[in-house]
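Enquirer: For reference, the chains in residue letters:
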Amino acid sequence: QSALTQPASVSGSPGQSITISCTGSSSDVGAYDYVSWYQQHPGTAPKLLLFDVTIRPSGVPDRFSGSKSGNTASLTISGLQAEDEADYYCSSYTYSSSYVFGTGTKVTVL
Amino acid sequence: QLQLQESGPGLAKPSETLSLTCTVSGGYISRSTYSWGWIRQPPGKGLEWIGTVYYSGSTYYNPSLKSRLDMSLDTSKNQISLKVSSVTAADTAVYYCARGPPNGDFRWFDPWGQGTLVTVSS
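First to last, the protein sequences are chains A and B.
Residue numbers for the first sequence follow our numbering, beginning at 1 and rising by one.
Residue numbers for the second sequence follow our numbering, beginning at 1001 and rising by one.
Since the hints were derived computationally from the structure, they do not count as laboratory data.
Treat the hints with care, since some could be wrong.
What the hints assert, rightly or not - Taking lysine-lysine pairs in the DSBU-like style, the calculated list, with each CA pair at most 30 Å apart, reads:
#: 1; chain 1: B; residue 1: 1077; chain 2: B; residue 2: 1066
#: 2; chain 1: A; residue 1: 47; chain 2: B; residue 2: 1077
#: 3; chain 1: B; residue 1: 1045; chain 2: A; residue 2: 47
#: 4; chain 1: A; residue 1: 106; chain 2: B; residue 2: 1077
#: 5; chain 1: A; residue 1: 68; chain 2: B; residue 2: 1045
#: 6; chain 1: B; residue 1: 1066; chain 2: A; residue 2: 47
As the list claims (entries may be wrong) - Covered by chain B, per the in silico footprint, the following chain A stretches (three or more residues, Cβ under 8 Å):
#: 7; stretch: 21-29
#: 8; stretch: 78-84
A quick note: this is a predicted structure, and the numbers were derived from the prediction, not measured.
We treat Cβ as the ideally placed atom computed from N, Cα and C, and that holds for glycine.
Work out the full structure: start from the sequences and follow the hints.
Expert: Structural data, given as structure tokens:
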């Protein structure tokens, strides 16, 4: 199985909105509404940000939102803050009962 | 609050079998329908799903690693174990364990343990 494709880096100024794309195939992202997103700060474990495309776990700010169209999912961070500087990974459950992560995106707050 | 703690040898030799353990506290793995996953991250690289085990004992593995994997639950110790055979330098990574959803497909993981670094070198 191939990793989902994400841009290597995205940057924005504080207060701006940024969007990270996550492109897969009809066997993963396009198969189900089972896309999730994780945030990882350096030296720490990943933290679940969104699951089932749009659902935020308790405690995740509503600045983080998700969407999906066809084989591409997106994570939008609105009102970018300094603490949002981190690596972000998308992931998807797959048609073959497997799980695949994206290539990862480094978000820089200018 | 559920907590997961990975443990392992730190250093493994090529061709050996790597054994890792994830100890769960704050909940019982035998009294739930959750799935439990292992994910790894080579230094400076991205995340890779290794496999998932259900409370029933059913396992699902990454196809690229399947022939070398063995995952199981030890309910008496409240632990999830992972064995990776015939390791090479490519298996050097931080290994994480994490809990899946309370039912259905393992479509997300939360929470995660802090991870344990395993280096494969002679």
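Enquirer: Of all the hints numbered above, which does this structure not satisfy? Sort the numbers upward.
Expert: 4, 7, 8
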